[in-house]
Amino acid sequence: MVACATVMKSLLLAAIVAVLTGHGSAAEKFGNCCTKVSGKEMTEPILSYKLQFRSGHCVNAVIFQTETGWNCVQFNAPWVKAKIRELQLGARTTS
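FYI, the numbering for the sequence shown is -26 to -1, 1 to 69, going by mature numbering (1 follows the signal peptide of the UniProt record, and there is no 0).
Worth flagging that the hints you see were computed from the coordinates, not collected in a lab.
This structure is a prediction, so every number in the text was calculated from the model and none was measured.
Possibly wrong hints are sitting among the right ones.
Within a straight-line C-alpha distance of at most 25 Å, the following computed PhoX-like cross-link-like pairs (lysine-lysine) qualify [what the hints assert, rightly or not]: (1) Lys24 to Lys10; (2) Lys57 to Lys24; (3) Lys55 to Lys14; (4) Lys10 to Lys57; (5) Lys57 to Lys14; (6) Lys24 to Lys14; (7) Lys24 to Lys55; (8) Lys10 to Lys55.
With the hints as constraints, model all of the structure from the sequences given.
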């Protein structure tokens, strides 16, 4: 019985860690918004983006979607405006 309780506690801890580490290597997320951002340039291909504005615990961010998930990035990171422009031009040529 004690071994079963230990296993259950270990599984619960593993589940909590998995949820807290979240999705996306460049960001920390809380629920459905970014609570921290990164300024590091992404090397993975970006599929789309959306803007997030500060509200409650959410911070200003550009959220880039990649094949592996969503990444929260600083609005003012030097490479971000160029990447958004590139995505917008790509969307216009495919429309």
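Looking at the structure, which of the earlier hints fail to hold? none
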